[in-house]
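**Student:** One letter stands for each residue in the lines below.
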Amino acid sequence: MATTPTDSLDDVDEDAAARGAVYATLAKAFEYPAEPFHEAAANGSLEADLRNCIDRTGLDVAVPPLTTDDDYRTLAARYNDIFELGYSEYADRTDGSLDAEGPPVPLYESKYRPDHSWNDVNLDLSRAYSHYGLEIDQEDRDNHDALTYELEFAGYLARREAAVGSDAAAARLDFHDRHLGHAAAGVAERLADEPGTDVYGGLGDLLEAVVRADRNDLAHRLEGQR
Amino acid sequence: MSRHDPTDDETDSAGISRRDFVRGLGAASLLGATGLGFADDGMTGLQAVDDPIGNYPYRDWEDLYRDEWDWDSVARSTHSVNCTGSCSWNVFVKDGQVWREEQAGDYPTFDESLPDPNPRGCQKGACYTDYVNADQRVLHPLRRTGERGDGQWERISWDEALTEIADHVIDEVQAGRYDAISGFTPIPAMSPVSFASGSRLVNLLGGVSHSFYDWYSDLPPGQPITWGTQTDNAESADWHNSDYIIAWGSNINVTRIPDAKYFLDAGYEGAKRVGIFTDYSQTAIHTDEWLSPEGGTDTALALGMAQTIVDEGLHDEAHLKEQTDMPLLVREDTGKFLRASEVGLAADADDPEKVFVMVDANGDLRAAPGSLGERDGQHDHSMSIELDFDPRLSVDRSVQTDGGSVAVRSVWENLRDELSQYTPEFVHEETSVGEDTYQRVAREFAEADAAKIIHGKGVNDWYHNDLGNRAIQLLVTLTGNLGDPGTGVDHYVGQEKIWSFHGWQVLSFPTGSVRGVPTTLWTYFHAGILDNTDPDTAEKIRESIEKNWMPVYPSEREDGIRPDPTTMFVWRGNYFNQAKGNVAVEEQLWPKLDLVVDINFRMDSTALYSDIVLPAASHYEKYDLSETDMHTYVHPFTPAVEPLGEAKTDWEIFRLLAEKIQERATERGVDPVEDRKFDRTIDLTTIHDDYVRDWETGEEGALEEDRAAAEFILEHSEETNPSDTDEQITFDDIDDQPQRFLAAGDHWSSDIKDGEAYVPWQDYVHDKNPWPTFTGRQQYYIDHDWYLELGEELPTHKEGPEDTGGDYPLSYNTPHGRWSIHSTWRDSAKMLRLQRGEPVVYLNPEDAEERGIEDGDTVEVYNDLAEVEVQAKIYPSSEPGTVRQFFAWEKFQYPDRDNFNSLVPMYMKPTQLVQYPEDTGEHLHFFPNYWGPTGVNSDVRVDVRPTGGDTE
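Protein sequence lines correspond, in order, to chains A and B.
First residue of the first sequence? That's 0 in numbering that gives the first Met the number 0, and the numbers climb one at a time after it.
First residue of the second sequence? That's 0 in numbering that gives the first Met the number 0, and the numbers climb one at a time after it.
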């Protein structure tokens with residue numbers, strides 16, 4: 000595609016832009032809840048506008064209920080309980096296996112990659128972020144494999160595809176296969192097993208469905224091109 | 000392939016530029032999804048450091064691996080808090096993240112004849128990165144929303160958290176309850192800046208600083224009793240100088256991994272290594288000979304060995320005469336020492352009633368030089384214990400006193416009487432150690448050129464730990480194995496002592512007025528021990544408090560009422576999990592506390608049962624110092640990376656809290672409060688200014704940062720900035736390479752010498768300064784009324800209290816494990832994978848079979864206090880009749896949250912509540928971590944049954 004200095008932003012690829020918006024929204028949704036997120040979940044705009052965005056992607060993804068009746072404090076405590084706070088708990092007392100690593104649904108990809116070391120997962124991500132000139136905010140840093148970073152990165156790549164260059168599509172597919180696909184499936188599966196997840200249960204389902212559909216669509220589009 | 004010119008940044012009709020769009024700014028709005036505005040302000044976790052619409056060609060993931068790759072930086076750090084190894088590590092950083100660590104391996108060699116000091120480290124340190132990056136890190140200030148322990152939290156801002164805590168603290172101080180504010184943090188040596196951070200604020204608040212060394216029964220009370228001080232040890236390199244080493248309950252290969260090489264290598268130099276362990280431990284298997292006494296009979300074994308040494312004349316008579324109380328006379332009628340004042344001696348002494356009496360070779364009475372009555376306090380190096388006469392060891396006669404003729408005998412004669420009870424038959428009957436075996440070991444020990452005992456915690460955990468310590472110490476005293484290379488009793492358990500003492504002390508307690516408290520007594524008092532112990536112990540606890548021998552806070556008010564404690568800060572420790580008597584602690588003490596604040600990098604059991612948890616920087620995210628008495632080096636923590644999430648360093652957290660208290664106190668217009676005990680005013684409106692002021696120089700704002708605090712310690716300590724030389728160790732020096740201390744200050748009993756491993760006690764043994772005891776000598780006879788009443792004026796073997804925890808057939812103890820440092824690393828996945836991954840009890844096969852228990856079964860360990868569900872491990876190396884549960888699993892790692900300590904009741908030994916001399920206390924007085932009651936636990940009785948079963 001030709002480069003023209005006078006390009007207008009109006010020419011962005013709407014499908015990719017919408018996918019970028021979905022990923023950005025999911026990134027924020029899986030952060031510790033801020034008041035505006037709670038408000039959007041409580042008043043239904045989260046569900047409605049995510050549906051609008053997904054409708055513009057062409058992906059065949061059904062949006063589950065994404066509302067909450069929690070007040071803000073309860074939602075925040077629920078988030079902490081599900082995602083943040085870790086105690087060692089028995090996975091299976093009959094064989095002594097112990098989940099020593101913390102919260103019921105960890106928001107880190109490496110927790111869902113039993114065959115890969117923490118270093119392998121995180122170093123690979125570090126290289127990916129670095130390749131695109133991105134780095135983690137050191138003022139409030141987290142590990143490279145934090146789900147929210149991966150979703151931000153997925154959104155970034157989708158927006159690059161939408162507004163800068165279509166070669167980002169290949170990066171998006173590889174990123175799904177190497178990282179986000181594993182994290183999304185793992186988080187969704189754990190959430191499905193967890194009681195009392197409220198809006199986060201729906202967000203987990205949506206996360207998994209979007210990532211899977213996006214990945215399959217990318218694979219189909221790029222088939223034979225690489 | 001690029002859709003757009005990377006330099007194109009024009010805006011569209013909605014005012015969004017392409018660059019902003021790719022950053023994520025307004026991307027949803029562009030699509031009309033205004034309801035997603037909360038997610039439309041761009042990336043926040045990832046930041047574009049290069050142009051977001053720059054040219055980043057991508058064909059394949061391999062492209063990411065084409066760039067040259069290297070670490071961004073390597074930082075020097077180490078591990079704390081209660082790991083006493085003090086090993087220097089290099090920490091590797093890339094993209095703001097720690098990826099791995101490796102042993103620094105650059106400790107300078109100071110004695111070429113000793114094994115290389117490098118490297119130091121163990122498996123826990125090698126996986127600390129896991130903690131730094133762990134998803135169970137506490138990343139944000141949290142306030143509980145449910146009951147304590149429910150695990151329901153809300154994230155709050157730092158400002159909200161600090162304001163809530165500050166207002167509470169201000170209320171307490173203004174109400175005069177500043178002594179209801181407690182600060183608990185253990186062991187300063189391995190991170191003194193973090194220790195000082197909270198201690199400094201608590202000190203400025205007039206609050207209570209807790210002891211820890213005695214509380215965890217790491218303190219060997221026999222050492223202050225006998226030597227007037229505690230745990231001055233040779234560094235581990237000195238093990239290599241020994242000809243004969245007894246590892247007495249010290250499981251070196253498990254708990255001293257970085258130092259174990261000195262123990263193993265000593266064998267290559269011909270040293271004999273004997274292990275004394277109740278089980279065939281991981282260290283016993285590497286010794287030349289293993290003795291296995293019954294649990295709790297160490298005292299009988301040691302006194303049996305002492306009897307052999309004395310009986311066969313293998314003792315060092317010159318050492319006993321000059322360095323010990325053995326020649327001193329004791330009245331037969333009262334059991335008290337004969338005092339010089341009673342026989343008209345030492346008339347020139349400040350206090351002849353505190354001068355003791357010997358008999359010289361001519362049979363004349365002589366004042367013992369160096370007695371307290373002629374010294375200026377406990378430590379007085381202007382005096383000497385050197386003798387200008389030859390005292391008799393054996394004295395049994397009468398003397399003429401003011402009150403008439405009195406029969407007296409020397410301590411030596413009394414000791415010989417005591418030892419005579421320890422016949423080979425008795426010792427074998429009591430300990431089960433073979434008669435010939437222990438006597439041969441005693442002979443070998445006495446005849447070795449340089450013999451040493453490495454004394455472990457196994458002895459300390461028993462009720463009669465003081466007697467055990469004294470009996471073991473007696474062996475090195477009798478044989479003169481003190482003050483020279485390769486000798487001594489090395490007791491490293493807990494390692495309270497910090498080399499750079501003065502700098503740490505004035506940083507931690509700037510006012511100099513310290514409300515210290517013995518934590519065992521404080522905990523048990525507020526958890527209701529007075530109503531839950533035998534009448535005699537309860538009475539002695541009351542007497543000790545009434546006579547001000549031991550303090551308890553809050554203090555009793557003028558109206559006779561003693562308020563409850565209200566506030567507790569815990570940092571660097573896991574008080575709630577590690578509390579013995581923890582059923583009572585949870586049920587009685589914890590509800591009294593209105594506010595519990597835990598500062599932590601992980602959600603341990605104390606954090607879980609707190610009200611507010613503040614996220615602390617990990618060991619790789621801060622500046623601090625690391626020291627240990629296992630070696631004579633100092634090396635640093637330096638921040639390899641920024642603290643994860645919203646975490647802050649301990650120093651920063653307490654400084655910010657001080658700042659918030661000052662701000663709120665000023666806003667509220669509170670008045671200063673006069674301290675009811677000390678001559679000082681607690682002024683909350685200046686508390687931050689006081690916190691960051693260098694009180695030694697008066698410089699305002701000098702201690703804002705943790706690194707400045709570390710430099711303060713180095714600057715103000717004799718060990719790193721000696722007064723008699725221009726040499727000085729700076730923080731830059733230790734960041735470059737670990738540095739050996741330049742000197743040893745008054746806190747230590749020997750000098751640090753070039754080319755020699757540190758060995759203690761030379762001030763007394765070689766320089767003849769008085770030992771810091773009542774008599775000025777190693778003192779094996781204690782004529783305190785309580786000791787006489789209990790028959791413990793000399794070391795003696797006694798049975799422990801019966802039915803501790805109930806009438807059950809099995810003995811229960813909780814040794815230190817291989818896979819954790821106390822509760823730290825207990826929840827590390829890597830460490831759990833190297834063991835069974837859950838709390839385990841070790842059972843002798845006979846005990847297990849008798850109860851129908853097989854390896855891997857889930858069982859209940861139970862007594863009158865609790866039932867604790869764990870996995871059974873069949874341990875043939877264990878003696879029958881003993882259940883071992885290597886501690887310190889977290890409460891939440893047990894199904895019902897009853898943990899290893901739930902089986903341990905509150906109990907303490909009255910002999911450790913005394914002041915001695917009773918009126919002035921120079922020899923034994925409460926001083927945090929030096930003298931106070933120990934929290935013991937090995938006398939506990941339990942039984943075990945398969946889960947769901949019963950005792951039949």
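Misleading hints may appear alongside valid ones.
Unchecked claim - In silico EDC-like pairs for lysine to aspartate or glutamate, Cα to Cα no more than 16 Å straight-line:
1. B/K93 <-> A/D123
2. B/K93 <-> A/D119
3. B/K93 <-> A/D114
4. B/K829 <-> B/D129
5. B/K546 <-> B/E917
6. B/K676 <-> A/E38
7. B/K271 <-> B/D129
8. B/K271 <-> B/E293
9. B/K335 <-> B/D918
10. B/K767 <-> B/D448
11. B/K829 <-> A/E134
12. B/K93 <-> B/D115
13. B/K260 <-> B/D115
14. B/K752 <-> B/E714
15. B/K93 <-> B/D69
Bear in mind the hints are in silico, worked out from the structure with no lab data behind them.
None of the values given here were measured: they were computed from a predicted structure.
**Student:** It remains to establish, for every hint, whether it holds in the given structure.
**Tutor:** How the hints compare with the structure:
1. Using a Cα cut-off of 16 Å, the hinted pair B/K93 and A/D123 holds, with the two alpha carbons roughly 12 Å apart.
2. Between B/K93 and A/D119, the direct Cα distance comes to roughly 13 Å. Compliance with the 16 Å bound is thereby established for this hinted pair.
3. Of the supplied pair hints, the one linking B/K93 and A/D114 is violated, its CA atoms being roughly 23 Å apart against a limit of 16 Å.
4. Of the supplied pair hints, the one linking B/K829 and B/D129 holds, its CA atoms being roughly 9 Å apart against a limit of 16 Å.
5. Between B/K546 and B/E917 the alpha-carbon distance is near 9 Å, which keeps this suggested pair within the 16 Å criterion.
6. Of the supplied pair hints, the one linking B/K676 and A/E38 is violated, its CA atoms being roughly 54 Å apart against a limit of 16 Å.
7. Distance check on the hinted pair: B/K271 and B/D129 sit about 40 Å apart at the alpha-carbon level, beyond 16 Å; violated.
8. With a C-alpha separation of about 23 Å, the suggested pairing of B/K271 with B/E293 is violated against the 16 Å cut-off.
9. Taking the CA atoms of B/K335 and B/D918, the gap is near 15 Å; set against the 16 Å cutoff, the hint holds.
10. Distance restraint check for B/K767 and B/D448: the Cα-Cα separation of roughly 22 Å exceeds the 16 Å cut-off, and the hinted pair is therefore not satisfied.
11. Distance restraint check for B/K829 and A/E134: the Cα-Cα separation of roughly 29 Å exceeds the 16 Å cut-off, and the hinted pair is therefore not satisfied.
12. For a cut-off of 16 Å, the pair hint linking B/K93 to B/D115 is broken: about 31 Å separates their Cα positions.
13. Our distance criterion of 16 Å between C-alpha atoms is met by B/K260 and B/D115, whose separation comes to about 10 Å.
14. With a C-alpha separation of about 21 Å, the suggested pairing of B/K752 with B/E714 is violated against the 16 Å cut-off.
15. A hinted pair counts as satisfied when its Cα atoms are at most 16 Å apart, and B/K93 with B/D69 qualifies at roughly 8 Å.
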